[in-house]
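These protein sequence lines map, in sequence, to chains A, B and C.
Note that numbering that gives the first Met the number 0 has the first sequence beginning at 0, numbered continuously upward.
Note that numbering that gives the first Met the number 0 has the second sequence beginning at 0, numbered continuously upward.
Note that numbering that gives the first Met the number 0 has the third sequence beginning at 0, numbered continuously upward.
Calculated directly from the structure, the hints in this document are not laboratory data.
Using C-beta positions, here's what the derived DEER-type ranges look like:
id	chain 1	residue 1	chain 2	residue 2	range
1	C	S57	B	I259	53 to 61 Å
2	A	Y509	C	S57	31 to 39 Å
3	B	L23	C	W13	41 to 49 Å
4	B	I160	A	D346	54 to 62 Å
5	A	M311	B	R294	27 to 35 Å
The calculated lysine-lysine pairs, modelled on DSSO-like cross-linking and capped at a C-alpha distance of 30 Å, are:
id	chain 1	residue 1	chain 2	residue 2
6	B	K290	A	K243
7	C	K209	B	K125
8	B	K123	B	K232
9	C	K150	C	K209
10	C	K252	C	K235
11	A	K243	A	K226
12	C	K235	B	K290
13	B	K60	A	K117
14	C	K252	A	K243
15	B	K290	C	K252
16	B	K125	B	K232
17	C	K150	B	K290
18	A	K290	A	K347
19	A	K117	B	K290
20	C	K235	C	K150
21	B	K127	B	K232
22	C	K209	C	K175
Even for Gly, the Cβ is constructed at its ideal location relative to N, Cα and C.
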Amino acid sequence: MPRIAKTALLLAMVLAVTTAGTLASNILTLSSVQEVGTVDPARATDYTETISVINIYDPLVFPDGNGVVQPKLAETWDVSEDALTYSFSLRQDAVFHDGTQVFAEDVAFSMERMLALKDGYSWMWADLISGIDIIDDYTISFTLREPFAPFLATLPAFCVLNKDLVVAHTQPGDYGDYGDYGVEWLNTAVDTDAGSGPYTLRSWDRGREIVFARFDDYFLGWPQGDKSVDEAHMFNLPATATLKTMLRSGELVMTDNLRTFEDYEDMSAYNGVTVIPADTGQQITFKINTKAAPTDDIHIRRMLAWAFDYAMAITEISPGSLQSRGPVPSAIPGQNPDLFQYTQDLDKAREELELSSYYPNVPTLHIVMGIGAEAWRRMALSLQAALATIGVNLEIHMETWGRMCELAAQPETTPNLMAIIQAPMYSDPDTFLYSMYHSDAAGTWMSTEWLQNDTVDELITESRRTVDPAARQELLNTVQEIIVDECPDIFIYQARLYYAMQNYVRGFTYRPVMSYEFYFHDLWFER
Amino acid sequence: MGVVLFLARRLGYSVVVLLGLSILIFTISRVLPGNPARLALGPYATQDQVASLEHQMGLDKPLPVQYWVYVTGLFRGDFGMSFQTRRNVADDIRHYLPATIELVALSIVWIALFGIPLGSLSAKHKDKWLDNGVRLFSFVGVAIAPFVIALLLQFIGAYLIPIFPATGRLGMMVSAPPRITGLLLIDSLISGDMRAFGDALWHLVLPSFALALGGLGQIARISRASTTDVLEKNYVEAARGFGIPDRRIMSKYALKPSLIPTVTVLGLTFASSIGNAFLIEQVFSWPGLAKYGVRAILRKDFNSVMGVVLVIGVVFFVANFIVDLIIGYLDPRIRLRKEQQGNN
Amino acid sequence: MKRDVLRERFGRNWYRFRRNPISLIGTGMVMLVLLLALFAPFVAPHPESAGRGVDLSSSFLPPSSAHWFGTDEVGRDVLSRVIFGYRISLYLAVVVLVISVPLGVFLGLLAGYLGGWVETLIMRITDVFLSIPALAMALAICAAFTPSIDKAMLAVSCVWWTWYCRLVYGIALSVKNEEFVQASYLLGASRLRILVRDILPNCISPVIVKMSLDMGIVMLFGAGLSFLGLGVQPPKPGLGTMISYGSQYLPEKWWLTVFPSFALFFLILGFNLFGDGLRDALEDS
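Just chain A, same shape as in the assembly (with noise of 0.2 Å):
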């Protein structure tokens, strides 16, 4: 064939393929910058996995807005009064994909699948839930073995799935009659799901593209008609100038919220292009080593808290974010409004400096930050500068992921410093404060502050089990105020993101638990 035939017969195949999509129905396409690993729901972990099963499968209950969990399967739901025993009433006109309803049955067989496996947000439930009760179709009770005041606020994060289907796809494996319990079934799928969320599995192309299809006897309805998403593309698109491109030209509706501030704001320039900030629960700290070297010191800490420029922070590096008001952000309930906020003043470090014991003779202070974490290097750059003004020499070093575990794994190898992002894995305090600063939670990336301190520690424990929640607010109240004064961290800013979508999506919110936001069922082209 003539070159010039088949170039034009090429671009008529390109033309074909960029028009087609669009004229057919209505076609989400989300990029990401990862690839969903799996999807199933007592596995999943990473943000692409979690948008992938919160689609698909259907948790007990749902985080709103504000981060307060709302009915989904779960029409009502008890607390007994020495708030161990939950009992949850389910609807009765919810579906699974494949037609059959779901049962208690179902809910009690996916909490022990998830437990058995021991993987994805297991941890939220381990050692805590002592008994699975049946109590009729549609009744279901979990009964704890202490009370765990945030338990509501963990359960979006367990999803139900199907167990007939399951049952009927296991394989051999390690959990005696039900085999592998599936999990073979679930990882090769490729177009078939076990759950009865508002989206089925179309196809997946691993490292590609995940797609979702509207199941239409979804329990909640479809308010909007013909105006909701049919169908929903998720694309691995990490570079972010392709993003763009795409983006501008209609054919991406909505990107992620990874890029960088100077990215999102070439994008709101685009015609027909809008985007959309969310103020997250997404906390950037510098995590100080509260056992090391000169950092055990708290004039030392208090030091760095000084030197530290906030307002370049929420100005250049994550432009329009707001400084943490200590370790727990405003975007979930719970943060003591009180708390005392650091500004840079290098006076005032200087005075802690020399109120120091180390004073003068101040060894050096390290910082660990991931490798790629531009942002986050400038802003250790400035801190660096500002703490050489006043004699104190800080190290920056880059260092992988995994090297970063490695080095939280001890108080003797954990630097200094770390810079490290943390989000909210459920709507409460207790996420933070459990994770970062109580002294079973000791030895991940999140606590290596190395606090453990009795009084924060029985506080954190006791804000656990009391249910009533005024009184628990004065406990939240006052262990957050002893955590600012102790200064474990330099608390820098709670992320403020973005979103770029095409002018026509309505219907987006932002729900302060990660990757709740990216629930299409929300969404709805208004053309």
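Based on these hints, arrange chains B and C on the given structure of chain A.
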């Protein structure tokens, strides 16, 4: 047969080497600090979860036992489990390798298609502008880093004059053909999905060409050198003397003999292309072996890394094997001389 | 060849080298690079840019008279970083060659001249190492330890020496059968003496040619590893690393990629031209 023995010996060395490498990685990985299980499970995993995964992966058994399990698994085609994907590494590699193979294969096609004729023509018009142009081109081509070539082509072909897609193997709205070989071009032809075929081809153009450019210059040079050699041979002189037209001389007398060294270098280029493919894949966000391998290295996913290393070793061996086969078969003189000198 | 014959040849080769425009251009480029690398702290306008110096208010400045190559995301001068980048590139190549060349030459000499079981052993080991692609070796080392350019280059050296071993082995084989060597031996010269005085000088030219041609290859390999994120780690100003980081900001902040790319090209081209010129001048048989 000398050739068979020679090749068997070569195979033996490769096996020894790869086994040795695997022991090295294996030991270091298990001995050095760092817990891949914890890395794989994510930051919030409990100690219990980590222990459970470690047990699943067999990490709680003594080192020699682990290694034995691993090596025997290799012979069964079981490369162990990837910590990250929780699948067998063999499955992962089967998933990612075709993308790289397709890229490299197409680049070899470009090299052969453009490089050989260019070199021959260059030899024919020796020292004229075409020849000097080609020589300059090959000089420059070898000096530019492959990833720079890739960035340049991507910029020109996808942004400046936006004809080609900038990243990926298939467009967003194009569904992949049913997976048979993993090679999109083949699979789409088999299932008759011309839309996918066209889209896949369109996505392949820039990266494969970027990969080809480096080797193109070299092949042109070799082709030129060997064509020159042949053109100076007496039988060509004789043919000219007999009045046979130049074009006939080129195609009938000069081309075949000059192909031998060219094909040799093509084979070697294939082997080295795997390395360059890593760089090209990075630039074009190509979902191939490089992406998988680099990520595995950064996450200390040792089984995956071993898998990738083994694959590279195998490809390398196969390419050299084929090249040696060609040399050995086509020119017994060379084979014998080489055996004397200890194999070049 | 005997040594005095070699000396005469050397004179002739040098003449040929001097007359070849390619060699001269290449030499010029190499000299420039060497000077820049050696005197980097003095030549670079902002030497602190290669290390910790940061000026956040000047980030992303396009090329100007103050910053010929512009500045990067934290305000560092790209020109200075490129100059120090040359240091790193040269260092890498030198490391690999300093390790692999003596080792390879030594083993090649032994194998070629001594023959017997020594020869067999060494050549088998060489064959084994030749089957490993350098890339695989580098990846394996990066996985076992943390990715770092030093370890990666060490890994490359483990594979690189084989080429020199082969080369020298071939020469030793052919030289040892020449008359003057046989004569020396019969006259009672020790094997060591023959190795050093008679065989080694014949190896010098080919080894030097190969070394200079290898420089480019090794430096490209190092840059490639850095580009992937497995080589020189930031904030060190490795050329490959800079290109990798800079490519994120294409096409708006083009100077972050264009200048380091061109610098790398200049470096490699210079060594290639130099090496080619050397080869043309020295290869005579």
